[in-house]
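Student: Sequence:
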Amino acid sequence: MKETLITLATKTQINNLANGDSGDIEKTVTNIINAVIGMLGIVCVILIIIGGINYMTSSGDAGKVKKAKDIILYGIIGMVICVLAFAITNFVIGAINQ
51 MKETLITLAT KTQINNLANG DSGDIEKTVT NIINAVIGML GIVCVILIII
101 GGINYMTSSG DAGKVKKAKD IILYGIIGMV ICVLAFAITN FVIGAINQ
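Take the sequence shown: its position 37, counting from 1, is numbered 87 in this note's numbering, and each next residue is one higher.
One or more of the hints may lead you astray.
Simulated DEER-style distance windows between Cβ atoms [as the list claims (entries may be wrong)]:
no.	residue 1	residue 2	range
1	Phe-141	Ile-96	23 to 33 Å
2	Thr-139	Ala-112	39 to 49 Å
3	Lys-116	Ile-146	37 to 47 Å
4	Gln-148	Leu-90	24 to 34 Å
5	Ser-109	Ala-145	31 to 41 Å
6	Lys-77	Lys-114	12 to 22 Å
In short, the hints are calculated from the structure, not lab data. Fair warning: this is a prediction, and the values are worked out from it, not measured in the lab. Idealized CB from N, CA, C, for every residue including glycine.
All chains should be modelled from the sequences, with the hints used to inform the complete structure.
Tutor: Here it is in structure tokens:
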């Protein structure tokens with residue numbers, strides 16, 4: 051994943067320089083951060099789905115039900131953190147650019 055992000059950043063910078071642009075590093079950083087936060091959001095949704103499947107297949111076992119509820123809760127908390135991180139990041143970078 052690290053190599054993919056480095057490749058993406060490098061290609062973007064090379065394209066910006068080739069087009070005569072001085073290299074909009076803020077835009078590149080924003081795009082990379084948003085992509086990472088988006089991937090983390092997808093992981094949170096997958097966790098919620100896995101927790102739901104575990105909950106449905108727990109057959110009333112108290113230990114499995116608690117574990118499934120915890121997975122769902124952690125997925126929701128992660129999703130909230132991703133949304134807040136997205137909002138804060140874009141707000142701060144937008145404020146810096148002005």
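Student: Given a hinted range of 31 to 41 Å, is it respected by the beta-carbon distance of Ser-109 and Ala-145?
Tutor: violated (52 Å)
Student: Is 39 to 49 Å right for how far apart the beta carbons of Thr-139 and Ala-112 are?
Tutor: For Ala-112 against Thr-139, whose Cβ atoms are near 40 Å apart, the range 39 to 49 Å holds.
Student: Indicate whether the distance between the beta carbons of Lys-77 and Lys-114 respects the range 12 to 22 Å.
Tutor: violated (47 Å)
Student: Does the Cβ distance between Gln-148 and Leu-90 fall inside 24 to 34 Å?
Tutor: With a Cβ separation near 27 Å, Gln-148 and Leu-90 satisfy 24 to 34 Å, so the hint holds.
Student: Return holds or violated for the Cβ distance of Lys-116 and Ile-146 against the range 37 to 47 Å.
Tutor: holds (44 Å)
Student: Within 23 to 33 Å or not, the Cβ separation of Phe-141 and Ile-96?
Tutor: Distance hint for Phe-141, Ile-96 holds at roughly 27 Å.
In the structure shown, a violation is registered for the earlier hints numbered 5 and 6, in ascending order.
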